[in-house]
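For reference, the chains in residue letters:
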Amino acid sequence: MSDAVVTPLEGVFAPLQFPEPGAPRQLNYSVAPKMSADGSVAGDFLEVAMGPQHPSTHGVFRMDVVLDGERVVKLKPVFGYLHRNHEKIAENASYLGSMPYTDRLDYFCSMTNNWAYALSVEKLAGLQPPERAEYIRIITAELTRLVNHVCLVGFLLQDMGALGTPLMYAFREREKILDLFEALSGSRMMCNYMRFGGCRVDLPAGWLENAKQVVENFPRFLDDFENLLSANEILIARTQGVGALSAALAINAGVTGPLLRACGVNYDLRKVDKYGIYERFDFRVPLGDHGDVYDRYMVRVLEMRESLKILRHALRDIPSGPIMDPKAKIRGFRPKIGEVYGRIEGPKGELGFYLISDGGPNPYRYRVRPPSLINLTILEDMCLGRNVSDVVVILGSIDIVLGEVDR
Amino acid sequence: METLEQIKGRITAIIPGARVDLIPNECPSNQPSLLIDQEHGVRIAEFLRDDPQLRLDYLSNVTGVDWPDTIVKEKVKVMKLVEGVETEVHGVVERKKQGYLEVVYHIYSIAHKHGPVIVRLRTNDRNVAVHLPSLTPIWRSAEFQEREIYDLYGVIFDGHPDLRRILMWDGFEGHPMRKDYVEPDDYEYEPTPHDEVLERARSHQARNAVL
Amino acid sequence: MFEAIDQIFVALKHWVVGQFPAAWQPLGSVFLSIIPILAVFPLLFAITTIVERKTLGRIQNRLGPNRVGPFGLLQPVADGLKSLTKEDIVPYAADQVVHFLAPIALIVPVLLAFSVLPVGRNMVPIDLDAGLLFFFAVGAGSELAVFMAGWSSRNKYSLLGAMRAIAQMVSYELPLILSSVTVVMLVGSLSTVKIVEAQGEAYGWLLKWHVFTPWGLAGFLLFMIAAAAESNRTPFDIPEGESEIIAGYLVEYSGFKFALFFLGEYLGLFAVSSLAITLFLGGWHAPFSFLEWIPSYLWFFGKLSAFIMLFIWLRGTLPRLRMDQLMNLAWKFMLPMCLINIVVAAMWHFTAHWQFVGAVLCRWLLCGAAIGVPYLWLGDALFGEKKLAKRTYRFAD
Amino acid sequence: MDQGLRSELSKQGIFTTTLEGLYNWGRRNSVWPLQFGLACCAIEMIATTMARYDLARFGAEVFRPSPRQADLMIVSGTVTKKMAPQVVRLFNQMPEPKYVIAMGACAISGGPFKQGYNVLKGIDRYIPVDVHIPGCPPRPEALLHAFMTLQRKIDAQKLSGPERPRHLNTDAPSEFPVPKFGPHDLVPPYNPEVWQPPKMVRAV
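For the record, the sequence lines run as chains E, C, G and L.
With the first letter of the first sequence counted as 1, position 228 gets the number 232 in the numbering used here; the numbers rise by one all the way through.
With the first letter of the second sequence counted as 1, position 154 gets the number 157 in the numbering used here; the numbers rise by one all the way through.
With the first letter of the third sequence counted as 1, position 108 gets the number 149 in the numbering used here; the numbers rise by one all the way through.
With the first letter of the fourth sequence counted as 1, position 93 gets the number 282 in the numbering used here; the numbers rise by one all the way through.
Keep in mind the hints are simulated off the structure, nothing from the lab.
No more than 20 Å apart at the CA atoms, straight line, and that leaves these computed lysine to any residue pairs for SDA-like: (1) C/K116 - G/D438; (2) G/K197 - E/F49; (3) C/K100 - E/Y368; (4) C/K182 - E/Y368; (5) E/K313 - G/Y434; (6) C/K116 - E/L273; (7) C/K182 - L/D374; (8) G/K431 - E/A235; (9) G/K197 - L/L279; (10) E/K278 - G/A437; (11) C/K116 - E/V276; (12) G/K373 - E/A241; (13) E/K80 - C/L166; (14) C/K116 - E/G268; (15) L/K303 - E/G101; (16) G/K197 - E/A53; (17) L/K369 - E/V82; (18) E/K340 - C/E29; (19) G/K197 - E/V52; (20) C/K116 - E/V289; (21) G/K54 - G/P166; (22) C/K116 - E/Y279; (23) E/K340 - C/N28; (24) E/K180 - L/Y242; (25) E/K80 - C/D173; (26) C/K182 - L/K303; (27) G/K431 - E/H294; (28) E/K80 - C/R167; (29) L/K342 - G/R108; (30) L/K303 - E/E95; (31) E/K340 - C/N33; (32) G/K431 - E/A241.
Quantities reported herein were computed from a predicted structural model and do not represent experimental measurements.
Please construct the entire structure, taking both the sequences and the accompanying hints into account.
Here it is, written out as C-alpha cells:
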C-alpha cells in the first residue's frame, strides 16, 4: 500500500493495489474512525444501521455505515436476513426437486435461473436439448432480461426519489411480459419451466404472436424512457461520477454482468461461452467507459435494445419440433459420479451452478454462484467518501436481489 | 488454453516443493481439477493469476464441500489358522477413512477469455486442522465466498481480512452445511404414514409436549 | 353587482361585528378574521391530499383512491379519523417536552403567516406596514420546529433529517428573501396590501403584474425554486428523503402529531405559494382588466390551486437532488442571481422615464441581458466544468 | 337504532351512524402499510400497488417507511430466524391499532423452505396475524382480497365487550416479546401466548 495521503474522492478512484498475501486489507479511509475496544466507533462519528428494514436496501439487506457528517467513512454489508438454506434443501432433494427453488433465488428472473440450473445438469448428464427448446430458452431468457433491467431502472429512480412514477411505468411493461410467462408456464413469477434436456411444455397456441406484439411495442416504451430519463439533468447530476469502479478492481473482485461491462470490460458469457445457440444471433455488447452509476444505467438500457434484436430474430426463426431430449429421464434420474460447473449470463451477472454427483438421486453438493452477492464485494470501495444519498443510488445500481445474495 | 498437465508441470517447475495432483472427472462434463497443497496455495494462486499465458484474473466461484469420515470396507487376504493349518482366507477389514473439508475454486481468464481452471484445497481433517490459506488477497471475489464457507462449513482461512460469520448470526454454534449437522426440530411433518417420517413426527410431538 | 359579490365576505364580517357591543368589536373582528383562516386552509389541505393522490395516480397510469365515499372524496376524512384515533407513541429515549412541542411550533408560525396575506380585495386579517418582514420572521420559526422534532426524537435518521433540513432551510431563506427584496424596492413598501395594489395598474388591458417585467420574471422563478426548497417539496425533499433516511425528522412521530406535521408542511407550502402570488402574480388581481369582474378571492384561490397542481406535477416527475448539489445551487447560483436581480430591478426603475420609440423593447433587452448573461455564465461555470452530459457508448461484437 | 329506522332516515337525507361505525369506517379506509418487503412476495406486493392492480383505490398506497406511521404490516415472504427478531421489533414499534397480513406460504408456515435450518416456520409463532394469504407467491388479486378481508374484519369489531379488539383491551399486550438468538434456534422457539403447536391426532 502506498503511504500517500489520499483525499476521499481519490480513494474511490484509486488504482488497484494488491496487498501482500496475508496482510490485513487496508482500505482508503480518508479519516480512520476511532474504534474502541468493543468495536464501536468513538468520537464525532455516527454509526447507522441501514436496514434490514429500509426502503432502499431492496429487501432485507443491512449496511452498517459509519458517517462523518453525512460522508461514509466505513460501510460493512451484513447478510443473512434471507438465508433460506437453498443449498442444504437442494442437497436433500432430487435433481428435479430443486428446480422450483431456483425460481426463488433471484425472484425477478426465474427463467434464467432455471436455465442456469438446467444447463449445469445437462452438462453433468450429457443431455442436449433439441433446437426448439433452445429457441424457447433464449426467448424466455431475453424476456427475463428485459423484465429485470426495466424494473432495475425503475427502482434506481425510486432510490433517487422519483416517487414511483418510473417504477410504475416499468411495472406496466413487466406485467405484459409476465402475462406471456403465465400463459407459458402457469405462473407469473415462479415459472419452473425448464427441464433437463428441454422445456416442460410446448408454447401454447398464439403465444408467439403475443410475444411478437410485446417485442414490437417495447421499443416505443424504451424511447419514452430514454427521452424522459437519460438526458434528465437531475439524473445526470446524481449518477455521473458517482460510484466509479476501475476495470482492474472490478475484474479482481469478480464483478460480472452489466456492472463489469460498464467498466469497459468486454465479457459477456453469451459471447464468451456461446452457450445455448447464442452464436447464431447477431447482437452487440454495450460497454461503458467510466464505470459509474450512469454507465451502469445506460449499459442496461442499451442491453435491452440488443435483447430485443435477439428476440425478434428468435421469434422469427423458431423451428417446430420436439422440446425434450429423448435421452432425458424424469424418474430415476441419477447422473454419473462427477462434478460440473455451468454458468450463464444472467441479467445480474454470471449465474453459475456447481454440482457434485455421487451417483445418487440427490446432488452431493449443490452450490449457486450468486452474482448479486459477489457484486457486493466492491460496495464499500464505491461508497467510501460519498454521502448517504449516493450510497443508496450506488446500491441500487449494483442491482441485488436478496434471495440470491443470501440464498 | 494449456491442458491441466501442462499447468501442473509448470507449477511444479516454478514453485519448488509444490505438490499438485490432477483430479480426473469422468462424467460428461469433463472438468478435471488440480489439487494443490496448503503451504504453497497462495504462491500457486499468484502464479495462476499473474502468469502471462494463463492470466486467470477472474475467480468466479468458491465452493466448500464436506467429505465426512467414511468407513471403507476392504477385502483383504489374511492368513488364518483354520483347523491347525494356516490358509489364506478372504476377510473384510473396516478402515476409517479420514474425512476432510474441501474448497473448490473455479478460475477464469477475462483477458484471454478461457477457463475454467479448477483448483481444490483440502484440510487435513474436519474438526481441528481446518485451516487453509485464504486466496482473498489474490482475488477479492473470494472475500464473501470464503466467509460463507467459514460460516457454513467451518474452514478457517488464514489471511482473510475479515473472517466473521456472514449468513448466520454471531452466537450461532456449528456449521449447518456440514453433512452431520442436526437441524433444530421445529416443524411438523406432513402426516404421511412413512416410518422414518412418522418417527420424527412423534419425537417432535413429544418435545412439544415437554415445552 | 359584481362588486357586491366580491365584497360579500367583507360585508358579512362588518355586519356580524356590528352586532357586537362596541367594546367587544375589536376582539370580534379578530376572531372573525382568524376563523376563516383556520377553516379554509386546513380544508384546502384535506382537499389537496386527495387531489394530490388522485393526480399522482393519473400521472402514474392508475386510478388513485376511489372507494371511500363518492369518487374517493372522503379519503381525507377517513385518514383524519384514523390519525386522530391512532396510538401516540413517544419514544422512551426522546426528550418528551420538545417532542410534544415540535408539531405545535410548526403549526403556529405557519398559521400566523397567513395573517398578512391578502386573499381578496379588502380581505386581509391585518394590514401590517411591515407585513413582508412579519411573514419571513414567523416563517423562520418552522426551521426551529423541524430541528426540535429531529433532535428530540433521539433517532439517528431523524437527526440526519434535522441537520439536512436546517442546512437546507437556512440556505434557501436567503434567496427567498433576496428575490422578494426587488418587489419591495420597486413598490416602496413592505405591506403586502400595498404590493398587491401596486400591481393593479394596467398597461392597456394587461395588468402590471411584477412577473411581466424582466426582474419580476427572474425574481419569480428564483422565488419559486427557493419556495419549493423551503417547503421541502420535490426535487428538494431531501430532509425527509424516504429512500435515504426513512422519513427524516418525522421518523418517530405517529398518530395525530404526524398528521399535524403533514398539515404544517402543506400549510407552509400554501403560505409561500400565496406569497409568490402576492409578490409577483398580482395577488387577487385578474391578469386582464376586462376580467376584473370575477371576484378577487376566486382569482387568488385559483392561482393558489394552480401552484398546488404545479407542485404535485413536480412531485410526480422529478427525482431528488443531493445535499451538496442543493447547497451549491443555493449559494453558488441562486444567491448571485438574486443579487444581480436586485441590480436589474434598479435598472428597470431608473429607466422608467424613457419615452423614446422602442423604449420598452430597449429596456427589456437591457435588463434581459443583464440577467441572462450572468445566468448562462454562472450555469456554465457551475455545471459545465464537471462535464456532465449525455455520453456515447461503445459496442463490442 | 335499528336498521329499519336508519334506512328510513337515510331516505329522507339524514345520515346516521354510531361512534363504532364511524371509528371502524375511518380505520378501515385508511390502512397505511409498512414499506417492508422480505422476499419474493414483496415483488408481488409492489406489483399490487402498481398500475394494473392499484392498491391505492382503497386509500392504501401510502406505504410509510417508518413503522411509527404504519397501520398494517404485510409480512411478505420468508421470515428467517435471523430476521424474525427484527420483524417482531418492527411490529412492536407500530402504534395501535395495527394489523398483520401474512402474505405467502413462507410467512404462514415456512412454505417450500420449511425444512431449512434458518427459516422460521410461520410468523404467527411470535405475532398475531389477522389475515393469512396462501400462495407462492400469492397473486396481487389475492393480496387485494386479503386487504378487503381485513377491512371486513375491522368493520365487524366491537368497541366494547369481551370481543373487543386487542388495542381496546388494556389487558391484552400491545408489544410482544422479541426472541433472542440461541446457539441453533431462536429462544424461545415460539411465543406460547400467541401460538401453540397443533396437536397431531393420528390413527395408528
